[in-house]
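Q: Work from the hints to combine the two standalone chains into their complex.
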Amino acid sequence: MELTGAQILLESLGREGVDVIFGFPGGAVIDIYHQIPNYPNLKHVLVRHEQGAIHMADGYARATGKVGVCLVTSGPGATNTVTGIATAYMDSIPVVIITGQVPTPLIGNDAFQEVDIVGITRPCTKHNYLVKDITKLAKTIKEAFFLAQSGRPGPVLVDLPKDVQQQRCVFNYPKKVALRGYNPHYDPNVKQVRKVAELLCKAKHPVIYAGGGVISSSASKDLTKLAQTYNIPVTATLMGLGCFPGDDPLWLGMLGMHGTFAANHSISNADLILAVGARFDDRVTGKLSEFASKATMVHIDIDPTSIQKNVRVDVPIVADCRLFMEALNREMADVAQQKDACVPKDKWLAQITEWKTKHPLKYKPAAKGGPIKPQSVVEAIYKITKGDCIISTEVGQNQMWAAQFFNYKKPRTLLTSGGLGTMGFGFPAAIGAQAAFPEKLVIDVAGDGSIQMCIQELATAVCYNLPVKIVILNNGYLGMVRQWQELFYDKNYCSTCLDVAPDFVKLAEAYGAAGFRVTEAKDLDATLKKAFATPKACIVEVVVDPEENVYPMVPAGKSITEMILV
Amino acid sequence: MRHILSVLVENEPGVLSRVSGLFSGRGFNIETLNVAPTLEDGVSIMTITTIGDEQIIEQIIKQLRKLVTVIKVVDLTEVKNVEREMMLLKVAAEEGKRAEILRIVDVFRCKVVDVGFDELTIEVTGTQDKLTALINLMQRFGIKETARTGAVAMRRSMQ
Ligand SMILES: Cc1ncc(C[n+]2csc(CCOP(=O)(O)OP(=O)(O)O)c2C)c(N)n1
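Chains A and B, in that order, are what the protein sequence lines are.
Going by my numbering, the first residue of the first sequence is number 518, and it counts up by one from there.
Going by my numbering, the first residue of the second sequence is number 730, and it counts up by one from there.
One chain only, chain B, in its complex shape (with noise of 0.2 angstroms):
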């Protein structure tokens, strides 16, 4: 199962190669992994999406909490949780075909951030399913280029 970890870290000089050397040494794997300082000094929090059953998930997230400079460890599946990602997505677009792009944009709310001769340059957010839904509907277009920052959730407030 995908499982969808938050991880506390102090913001120091190796601690990412810390998590990802203890995900590749030990053969589980990350499917995303977002990194960003958090309000407090010195401390950032990773978003790490991972899949494995429920002993490897197990395993994972002990070795991580055993890692000196890791604070903290909450596995968001077992909540209610936000999860949300940021796509930039760079699509062909000649002039006949730009109506249409514009008003799938429309509707899924996102914008376009970029214009150029024969593209346009998309900025998407929302769920891995959003996310999904607009790359299957722009491939008819011909997708040029995407950029993708994982995912990053929150543990919902009301629950």
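The following block holds chain A by itself, in its conformation from the complex (with noise of 0.2 angstroms):
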């Protein structure tokens, strides 16, 4: 039966087991949209700006695991995607965005809103395609489904002309996908796992630095094997917390720029550094040379340029996190019950609990009838919930509280822009979240300025019954940066003053959805409980310490033991 591209791409999308759509119609995707009441299993959801559309679709994916999927328009459609697919780059998140382009005809004439969305997302996508032909279509959604959740996963976008939506052909979609230049490595050397084995046996200060990859690759649950077996301490990323529970007596806390005394200290003092789906980011490492400089560094990631790229790497390993882990679970059983050799760790654990001991995160507590401090609402929050929620974040001070204050516990349960750092991120992403899971609790911990990037998307939840909470601490700056102007440039507060902020307990109301403020400690936790048990999109306010700074705290080029404390 001949269908038309449009039919054709949304026939394509059912047999990828595509549920939700995020997306804004527009001139070049307007067949498309006309399809859409025809496919009642395929939930749209319309946004209000193609930023959400983007933020969504990846929230979505990386709550899921599934592909996240977003449609929009040509030109300013398409360019309003830009952010948010390099923020999806940067994180290795599976999504397809799926763009209408100007008629075949026109492509090269500067036609009414003709971009050459190809081009300009080239850098920021793991590939991408303009179909041209419509009889290279369903291969071509096929391809981008399997590239964008395979291997090192990324977003792919999709470029389809009006035309070839109109055109029609025989649908036909395939099973398989042969992409000669394309055969991602998933297993283990046995050799190198054999070699890990050992030298995980041998060591006397292991550590394992764990990064998005093995949230990605689903490792988390053999790599919390592995180290509670062998009683090895664990740190991770910002994208890698959830990924080794964050209560865990061998949890270290988060390493790098803000990360913890303990992380860190660890890390330098380590003689075996096991990463597992981590990319060194400068972020994390501080002063290169310095990072890890008395370990054995073995490095296990599916992207092979991720390896020898910043750090030099003695035992490197490309594979699939998961599988590797399964592999080294088996060979430790092997090794460890063959040599009794295996050097115990209790010495080392010793010296880490000092640590944790000594210089736990903390901050000065409010003073008497003081602002609140926000990190006792992060604090707040995870008492309340005692964790079981979904936690997005914005990016900034918000952030790194939010990674601080609590104790992550299972993958996919923090959503934030780790490798861009994307102002505007958190709250369409729980939104995305919110729709995959319409009975969790998602709240976005946010800065009063990140808020304001995509706070239009209040509409959209509050049209689709998605009860997100935002949790704004509001201290009145652009926080972050304004840490740096007092740490850095001699209190030079240019421009991260917020002085006009809208009201936003007004601005809920005004979209349909709750809005609360608290301005005293003493109202916090009721009012938190109050809006948690709301069953729809609400605001929370809270009025925080507006000079409260991120601490521990790495300077930037300085190595990771250099920190300044509280």
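Check the hints yourself; a few may be wrong.
Covered stretches of chain A, as calculated for chain B (at least 3 residues, CB under 8 angstroms) [said to hold, decoys possible]: (1) 694-702; (2) 814-822; (3) 1001-1012.
Computed list of lysine to any residue pairs in SDA-like fashion (alpha-carbon distance at most 25 angstroms, straight line) [stated by the list, open to error]: (4) B/K826 to B/I872; (5) A/K1046 to A/N924; (6) A/K693 to B/K795; (7) B/K791 to A/V1060; (8) B/K795 to A/R639; (9) A/K659 to B/S746; (10) A/K712 to B/E787; (11) B/K795 to A/P640; (12) B/K791 to B/M730; (13) A/K875 to A/K900; (14) A/K881 to A/V1060.
Restraint-style ranges between C-beta atoms, simulated for each label pair [as the list claims (entries may be wrong)]: (15) A/Q745 to B/A765: 56 to 66 angstroms; (16) A/S806 to B/A862: 41 to 51 angstroms; (17) A/N924 to B/A765: 57 to 67 angstroms; (18) B/A765 to A/D633: 21 to 31 angstroms; (19) B/Q784 to A/E807: 10 to 20 angstroms; (20) B/M730 to A/V707: 30 to 40 angstroms.
In short, the hints are calculated from the structure, not lab data.
For glycine and all other residues, C-beta sits at the position ideal for the given N, C-alpha and C.
A: Structure, rendered in structure tokens:
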């Protein structure tokens, strides 16, 4: 049977198991929108800005592990997604972006709403396509989904000209994908795994340094088993939080610029580092030459380009993190049994406990009657929810406090823009996660600056009854930048004070959401509880200490043990 | 060190910009780049020469392999190879100088492919060194224009 391009697209999405798409219409995709009502299994969420659509698709993908999909028109619709595409690219999140394009005869003519989106997004997509031939459409969609979620996941964009959407051809969805130039390597080398097991056994001061790859490859169960069986302490990057239970005694906390004393000192004193699905970001390593300088470095990553990029690696392993962890657990059982020579880790763990007790994450508690401390808000959220919720964050101090003062226990419970650090990400990402899990409590921990970047999506949340909770830590500043100005730029607070702010409570109400304001510590818990129990989207604006800073802090370019403590 | 990379790619729109964009976006440098179709339908070969330390070259090769439209990357510097470049060189050649220029053309086993009143266009093929040597020799007559293909290279058969 012959179908139009628009129908082929929607049929193909069905074959890929897509149940929701986030989108915004326009002339170049009107043919697709014309067909959407005929596909009742496909829910379309109409956003208010295309940046919202891509972040929602991304949040959906982070929370579920499935591919997120967004649909936008050509030109301005397409360019509005670029920040979100780059965000997903940096954090290796599987999303498929469908953009409309002007009809093929007009391409290259500066036609109305034409933009070379394939050219624009080439450096920030895993791959992208311009479909000029209707007979290649189904195959292209199949490839796009395959590429987005295999190997190192990432965003894939498909640009679809209007005339191709209107043409007809027989629909035949391919079963398999064959791409000569694309063969991700999943299985770890057996000898290398053996070597790692022996190194781990012999190591006196081993540390597991886990990244987002552990979460995206579903390796956290196996990683947790390894750590707990052999008493190996675990630290994680911002992207790795949740891959190891944050309440386990072996948990060191996050490492890096705003990492814990114990994590950074463990790395610096380690004799063996097992880096799993992490990429040695500069926010993690600080001064490279001093990062883990005493350690034998083992690095596992699905992406060969991550290995040896920043740091010298002694044992490089290109593999899927989960397959590697499974193999390592098997091998460890064998090695540990053969050689009871496995070095006991008690001394190392005692040292770590000492670091943890001496220098826990802390902050100066609020003075009597003084302003609320932002950290205490995150702690309150943790206490009330017992950690049973999905947290998304904006970017800045709010993000770091949400990383530090909440114990993530399960993968995919923290959604945050790690690589690109995109303000405006958290709220739409929370909507995406809520669309996937309507019953779960989803909370965006926000700054007063960031939340204003995609605030218009309140309408989307209200429209689809997605009861996302936004907790704004309102410090009246672009806090993280102000912190840098305070510490390194002579307190020249140029353009970081948000003098004019909306009344967030009224704003929430104007959109049909609920709004709460907390100014006194005594009201915090009760208000949060009330908001979390409200069955609709809410803003809780908490007026916090305007000058509070994120500590510990490693100044840029310094070694990670040169920390400014509270 | 200078490396010669042989890159087999799908011949489709945008493939060149994917490759060149990878270099520019990551701060790598392309010295020469040459692309043309192979005997196989839909497949082209690029020869890229680039300069960098071992770590950079390793990154370049891995990043190239990561592109979905790149089928194969070989670092020819690591094997015995044949490398050639073609150049057209237009040199000033007044009456009195012509004979000497033609003598050099002969010694270098290159060809005159176009003759004007007071200039000659020479086609020369060879290694970078040979091309440089010819340029050096011709400089004193006055070189008016050059056009070079950039290196093309292959693994040697017997090794
Ligand atoms: C889109 C975007 N623009 C600018 C920045 C730079 N930036 C990083 S943190 C920050 C301040 C964020 O302020 P706010 O959202 O109020 O959060 P706070 O740090 O006060 O918690 C800024 C401007 C960014 N990360 N993203």
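Q: Indicate, hint by hint, whether the structure satisfies it.
A: Each hint, compared with the structure:
With a cut-off of 8 angstroms between beta carbons, the region 694-702 of chain A has 4 residues touching chain B; three or more are needed, and the interface restraint holds. With a threshold of 8 angstroms between beta carbons, the proposed coverage of the region 814-822 of chain A by chain B holds, since 3 of its residues qualify and at least three are required. Judged by the Cβ-Cβ criterion of 8 angstroms, the region 1001-1012 of chain A is not covered by chain B as claimed, because only 0 of its residues qualify and three are needed. For the suggested pair B/K826 and B/I872, the alpha carbons sit about 13 angstroms apart, so the restraint of at most 25 angstroms is met.
Restraint check for A/K1046 and A/N924: satisfied, since their Cα atoms lie roughly 19 angstroms apart, inside the 25 angstroms limit. For a cut-off of 25 angstroms, the pair hint linking A/K693 to B/K795 stands: about 20 angstroms separates their Cα positions. Between B/K791 and A/V1060 the CA atoms are separated by roughly 49 angstroms; this puts the pair beyond 25 angstroms, and the hint is violated. For the proposed pair B/K795 and A/R639, the alpha carbon gap of about 13 angstroms is at most 25 angstroms, so the pair holds.
For the hint pairing A/K659 with B/S746, the CA-to-CA distance comes to about 24 angstroms; that is within 25 angstroms, so the pair holds. For the given pair, A/K712 sits about 24 angstroms from B/E787 by alpha-carbon distance, which is consistent with the 25 angstroms threshold. Distance hint between B/K795 and A/P640 is fulfilled; the C-alpha atoms sit about 13 angstroms from each other, no more than 25 angstroms. The suggested pairing of B/K791 with B/M730 holds, with an alpha-carbon distance near 17 angstroms, which does not exceed 25 angstroms.
Distance check on the hinted pair: A/K875 and A/K900 sit about 23 angstroms apart at the alpha-carbon level, within 25 angstroms; holds. A threshold of 25 angstroms between alpha carbons decides the hint, and for A/K881 with A/V1060 the separation of about 17 angstroms falls inside it, so the pair holds. One distance hint, 56 to 66 angstroms for the beta-carbon pair A/Q745 and B/A765, holds here, with the actual separation near 58 angstroms. A hinted range of 41 to 51 angstroms for the beta carbons of A/S806 and B/A862 is consistent with their spacing of about 43 angstroms.
Here the CB-CB span from A/N924 to B/A765 is close to 59 angstroms, well matched to the stated 57 to 67 angstroms. For B/A765 and A/D633, the Cβ-Cβ distance of about 25 angstroms falls inside the hinted range of 21 to 31 angstroms, so the restraint holds. The given range of 10 to 20 angstroms is respected by B/Q784 and A/E807, whose C-beta atoms sit roughly 19 angstroms from each other. With their beta carbons about 34 angstroms apart, B/M730 and A/V707 fall inside the hinted range of 30 to 40 angstroms.
Violated hints, listed in ascending order, are 3, 7; each of the other numbered hints is respected by the structure.
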